[in-house]
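Just so you know, the protein sequences line up as chains A and B, in that order.
Each residue of the first sequence is one higher than the one before, starting from 0 at the first, in numbering that gives the first Met the number 0.
Each residue of the second sequence is one higher than the one before, starting from 0 at the first, in numbering that gives the first Met the number 0.
Keep in mind the hints are simulated off the structure, nothing from the lab.
All C-beta atoms, glycine included, are put in the ideal place defined by N, C-alpha and C.
Some clues are possibly wrong.
Residues from chain A that keep clear of chain B, each with C-beta distances beyond 12 angstroms, as calculated [as the list claims (entries may be wrong)]: (1) 26; (2) 54; (3) 57; (4) 89; (5) 99; (6) 104; (7) 105; (8) 124; (9) 129; (10) 132; (11) 142; (12) 145.
The calculated label-pair distances, taken between Cβ atoms and stated as ranges, are [stated by the list, open to error]: (13) A:45 - B:130: 33 to 41 angstroms; (14) B:26 - A:29: 45 to 53 angstroms; (15) A:163 - B:10: 20 to 28 angstroms; (16) B:177 - A:71: 28 to 36 angstroms.
Here is what each chain is made of, one letter per residue.
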Amino acid sequence: MAELNTGDGGGGKDKKVRSKKQNSKVDLTAMVDLAFLLITFFMLTTTLSKPKAMELGLPDKEKPNEKTANIKVDENRTMTIMLGDNNKLVRYVGLLATPVAGGAPKQFTYGKDGIRKELISRKASVLAYSTAKGKPKNGMIVIIKPSKKSNYRNLIDILDEMGIVEVPTYAIVNEFSPEETKLLEGK
Amino acid sequence: MAVKMSKKATSIDMTAMCDVSFLLLTFFILTATAKVPEAMPVDMPSSTVQSKLPESNLATITIGKGKVFFDLKGKQVRIQALENMAEKYGVEFTEENKKEFSLMEGFGVPIGNLKQIIEMKSADRTKADQPGVPKDSLDNQLAEWVQFARQANIDVNDKELEIAIKGDAKEEYPSIRKVMDILQDQGINSFSLVTGLRGKDF
């Protein structure tokens with residue numbers, strides 16, 4: 000295929016003309032191959048390596064000498080998610096001592112078959128509850144409690160889950176009550 | 000006659016195709032940003048978030064293996080921040096040092112050892128075992144870096160610096176929280192977490 004005929008040098012008049020005609024055509028197949036290979040390479044590397052940024056807003060830090068008023072929240076709207084070691088995840092709904100029906104502490108897995116299903120169903124039931132009370136704007140509140148043994152991936156996963164399910168209010172809380180620690184370590 | 004026709008068909012004129020492909024190639028080469036070698040490569044967790052990380056006005060705090068690395072975008076901002084840090088800690092940097100610093104990648108050494116790192120070749124920097132920027136309450140250089148970087152960015156670009164946290168997926172939560180606490184102590188309550196991309200079905 001790839002032929003590049005250079006002039007034969009000497010020869011008759013007829014031959015010279017012929018060799019010139021052949022010269023004008025260079026086989027570009029290999030060049031095109033190479034170009035497309037490089038295009039593919041650059042296309043893939045440019046789009047895939049762009050890191051994404053997850054925005055995270057935290058509340059103002061409480062100053063030790065300032066006492067902020069505790070805001071009372073309806074416990075029927077809250078779900079607490081505790082992150083433990085080895086990708087463990089325990090959630091309960093309402094207060095730990097008196098959980099809402101069906102909201103007793105239970106272990107879940109990450110991902111669409113685990114906590115996401117629970118979040119979606121709980122979100123719907125909270126919305127129904129609030130609407131019945133005449134305040135349909137009060138959505139679910141999720142409290143995320145990453146333990147000391149949980150890792151960064153767990154935190155990102157659960158924050159991502161908040162984004163996917165579109166939980167209206169969520170917060171990261173670092174305080175653990177002794178009961179919660181026991182629950183997370185015992186089960 | 001028929002034989003001649005089939006002979007013609009075997010070679011197609013590739014010139015136009017070649018032109019187009021090289022045009023595309025040039026485009027992609029020019030738009031591609033050269034990958035800066037990282038001082039500490041980390042395995043980022045992935046999320047479904049689509050928003051991109053800003054290209055300027057950004058400081059990246061990389062956390063991995065308990066160490067913290069600091070990186071800053073913008074040459075002028077970097078020089079300014081370095082000068083302020085040098086003044087605060089009484090470390091001397093030459094003009095060449097500053098220029099080199101403005102071009103290098105992130106670093107993870109105390110300010111006293113920064114000069115050594117700057118004077119290394121870029122290939123050696125990744126191999127050098129950098130201990131991380133000190134961040135404990137006694138010697139909190141990370142907080143100083145963030146503070147001076149913010150100031151420098153306001154001086155140079157007249158914009159508030161954005162902070163991104165780039166953590167290793169396996170990093171334990173307390174070290175992430177420590178960095179978040181340092182940021183919050185300075186009143187930075189909103190920052191970005193750098194992640195990779197994935198689909199919703201995981």
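To see whether the hints hold, each was checked on the structure:
no., hint, in the structure
1, 26, "violated, 7 angstroms"
2, 54, "violated, 6 angstroms"
3, 57, "violated, 5 angstroms"
4, 89, "holds, 15 angstroms"
5, 99, "holds, 27 angstroms"
6, 104, "holds, 20 angstroms"
7, 105, "holds, 21 angstroms"
8, 124, "holds, 22 angstroms"
9, 129, "holds, 26 angstroms"
10, 132, "holds, 31 angstroms"
11, 142, "holds, 15 angstroms"
12, 145, "violated, 5 angstroms"
13, A:45 - B:130: 33 to 41 angstroms, "holds, 34 angstroms"
14, B:26 - A:29: 45 to 53 angstroms, "violated, 22 angstroms"
15, A:163 - B:10: 20 to 28 angstroms, "violated, 54 angstroms"
16, B:177 - A:71: 28 to 36 angstroms, "holds, 31 angstroms"
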